[in-house]
Amino acid sequence: DVVMTQTPPSLSVAIGQSVSISCKSSQSLVASDKNTYLNWLLQSPGRSPKRLIYQVSKLDSGVPDRFSGSGSEKDFTLKISRVEAEDLGVYYCLQGTHLPYTFGAGTKLELK
Amino acid sequence: EVQLVETGGGLVQPGRSLKLSCVASGFTFSSYWMYWIRQAPGKGLEWVSSINTDGGSTYYPDSVKGRFTISRDNAENTVYLQMNSLRSEDTATYYCAKDEHWGQGVMVTVSS
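Protein sequences appear in the order of chains A and W.
Note that this note's numbering numbers the first sequence so that position 10 is 10, with each residue one more than the last.
To convert a position in the second sequence, counted from 1, into this note's numbering, add 1000.
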């Protein structure tokens, strides 16, 4: 199974600060169709997870452009510019290239 | 507006069965793959199953393969998860998902 190593496990931030979360996979996530199926999700406190980014860098509808995704092969990054209160929660990366699909362990974003 | 509503959770004894349902609305159900993902209390996310658009292809991780069966009824806009031979480690909130949309989740507790 592909292991998704997500760091850091937690981040303490001030509103308006920018942060980055790393996700590294144990195998390349480039699929046979040349797409890279790496997603980022946010689970706000007490809520269901919500996908923010798919295929490394494509924002889902309604996701603010303060969020951006980058990376390739085995190394990926989620960046949040100018953190707002609504951004707090646990962020997960998810690879959908190889079966079984696997998640990172999560990064908890908290207020400083 | 996309809505995914899961039902069928509850308390069940080890070794028994339970069937979850997820009713979808707000999109052309028959055109999308559907997924089940679970989250044990206080833990991260685990992919449980996927089904393609016509139900002809299904996928599972080893942790549930042979015990869980995903199916769908495109006429009823519903995806199901039949869970047999339940174990204590299956205790979790089960989410139904389609791309960026997730349901509110349904709790399954396996305990004697």
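Please keep in mind that the hints were generated in silico from the structure rather than gathered at the bench.
Computed from a predicted structure; not experimentally measured.
Do not rely on the hints blindly, as some may be mistaken.
[Stated by the list, open to error] No more than 35 Å apart at the CA atoms, straight line, and that leaves these computed lysine-lysine pairs for DSBU-like:
hint: 1; chain 1: W; residue 1: 1043; chain 2: A; residue 2: 79
hint: 2; chain 1: A; residue 1: 112; chain 2: W; residue 2: 1019
hint: 3; chain 1: A; residue 1: 50; chain 2: W; residue 2: 1098
hint: 4; chain 1: W; residue 1: 1043; chain 2: A; residue 2: 58
hint: 5; chain 1: W; residue 1: 1043; chain 2: A; residue 2: 74
hint: 6; chain 1: A; residue 1: 108; chain 2: W; residue 2: 1098
hint: 7; chain 1: A; residue 1: 24; chain 2: W; residue 2: 1098
hint: 8; chain 1: A; residue 1: 79; chain 2: W; residue 2: 1019
[As the list claims (entries may be wrong)] Facing chain W, a subset of chain A residues (Cβ under 7 Å, in silico):
hint: 9; residue: 37
hint: 10; residue: 48
hint: 11; residue: 49
hint: 12; residue: 51
hint: 13; residue: 88
hint: 14; residue: 89
hint: 15; residue: 92
hint: 16; residue: 105
Just so it is clear, CB atoms sit at the ideal spot from N, CA and C, and this is done for glycine as well.
Just pull the numbers of the violated hints for me, sorted ascending. Per hint list: 2, 8, 9, 13 and 14 violated.
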